[in-house]
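Chemist: Here are the chains, one letter per residue:
Protein chains: 2
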Amino acid sequence: MAKDLTPAQLREEIRAGKWKAPTTGVAPGYVQANLVMLPQDAAFYFLLFCVRNPKPCPILDVLEPGQVEPKIAKDADLRTDLPKYRIFEQGKLKDEVEDVRNVFHDEMVSFLLGCSFSFEAALVAAGVPVRNLEEDKNVSMYITSRDCQPAGPFSAPLVVTMRPMKPAEAVRAIQVTTRFHLTHGAPVHMGSPEEIGIKDLDRPDFGDPVTIRSGEIPVFWACGVTSQLAATSASLPLVVTHAPGHMFVSDLRDEHLTLL
Amino acid sequence: MAKDLTPAQLREEIRAGKWKAPTTGVAPGYVQANLVMLPQDAAFYFLLFCVRNPKPCPILDVLEPGQVEPKIAKDADLRTDLPKYRIFEQGKLKDEVEDVRNVFHDEMVSFLLGCSFSFEAALVAAGVPVRNLEEDKNVSMYITSRDCQPAGPFSAPLVVTMRPMKPAEAVRAIQVTTRFHLTHGAPVHMGSPEEIGIKDLDRPDFGDPVTIRSGEIPVFWACGVTSQLAATSASLPLVVTHAPGHMFVSDLRDEHLTLL
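Chains as they are written, first to last, in this note's numbering: chain A, 27 to 286; chain B, 27 to 286.
The shape of chain A in the complex, shown without the other chains:
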């Protein structure tokens, strides 16, 4: 089964053009990451943006200019080992491709940022419902009215994911995700969506809506999509990111990212 591949095997399949699908649920237990590549000139300020906004942009690995093999994935190549990439010029989406060897160059810096896939498995293991997994949907994501701390030319509103659950389950979810400080950590908000500028939970800005049952409250976590909005907020000649859901699968285990 494809889902039983090791991260190294999956990356090899992707590189060979045999795997083009989203990475949700594959290589379970291994850390998946958001990818942002941008020119060295802007790398200090983008790193500063991530440092200033650690909940949406938790840094897993930053590579030196021109390097493509991250420390967290042996023999990997970030130019070929994700199933789908997005290419932005001057902040505008120009293309979706399966390989970026022809655009990546020696003065590009790659950032790998944590993703909430890591803590969803821990929530399930703790008996907390994860509705998007139950309903086999992409998690609901919303652009909030809260601004991140800017850095140089980079700014973005905070983007959040939402998972509905009962209050007692939310208490447990807070405990569980607090351990995962490198994959968004504890929630940033719960309850009233209006308070963070979300008008309609049934109409997420990204991903799919999920069922919210009677007696459940929405619980909101900072989301890695924030980093993509930030990276494309500056007018840079070239930014490369993963395509939504098509993440980089590392050799790190989810448990390696826990604080406790």
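In short, the hints are calculated from the structure, not lab data. Please note that a few of the clues may not be correct.
It does not matter which identical chain is meant; a pair holds if it fits inside one copy or across any two.
[Said to hold, decoys possible] List time: in silico DSS-like cross-link candidates among lysine-lysine, alpha-carbon distance up to 30 angstroms:
1. Lys44 <-> Lys100
2. Lys97 <-> Lys46
3. Lys225 <-> Lys100
4. Lys97 <-> Lys81
5. Lys118 <-> Lys163
6. Lys100 <-> Lys81
Using the hints, position chain B against chain A.
Modeler: Chain B only, in chain A's frame:
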């Protein structure tokens, strides 16, 4: 009493040249920070060094080039508000001064990094002995045989502080300091000093030796001095740091830095 000053009052005293002493024990409960200032050209790699080595170099604040007022201290000026600075040229110590307005320039970036003063108060509150406080000495610091992850031109051995305690107290100390992940967090080692390249606990590389009683084990935490060794490992035209013990006192409370 001088020790009862608020952080803002203390910074004003320092700026006026009325306070020239170390900051140990002043403005208790407020976060004190290590300072590193270096040229913008090298700022990406130094920030990357800190990100890759979060235990010795936990980032509290990084200022944009030329800026001197950190977010964590209202109306402060990093050029004047520390009691003593060290000036390095090409990695060599050139001077100790009380004000760096004449050397700081618009292309310098300032980094404020966490300091173990924050967790020492929490250890005392938890009933864990802090021998250097009991004996009114500077904490014992040692250069270990462990290398930090390098970044660009920056490299350094890991420097640690040591506090002796009974094994059951060490368990409690691990729990308490785990919460303080922005001020060095949990210990990096305990027990055998030889294992991390320390030959003689009675001869620290920095600070003072402290009494180790029968039945106590040495417990080692990553130390902010690591950041100074890293900053001066590259041949930069100018690096400014605080002088040992003469820290920057921020408006943040120690509890703001805890994870849990």
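Chemist: Can you give the numbers of the hints that this structure goes against, from lowest to highest?
Modeler: 3
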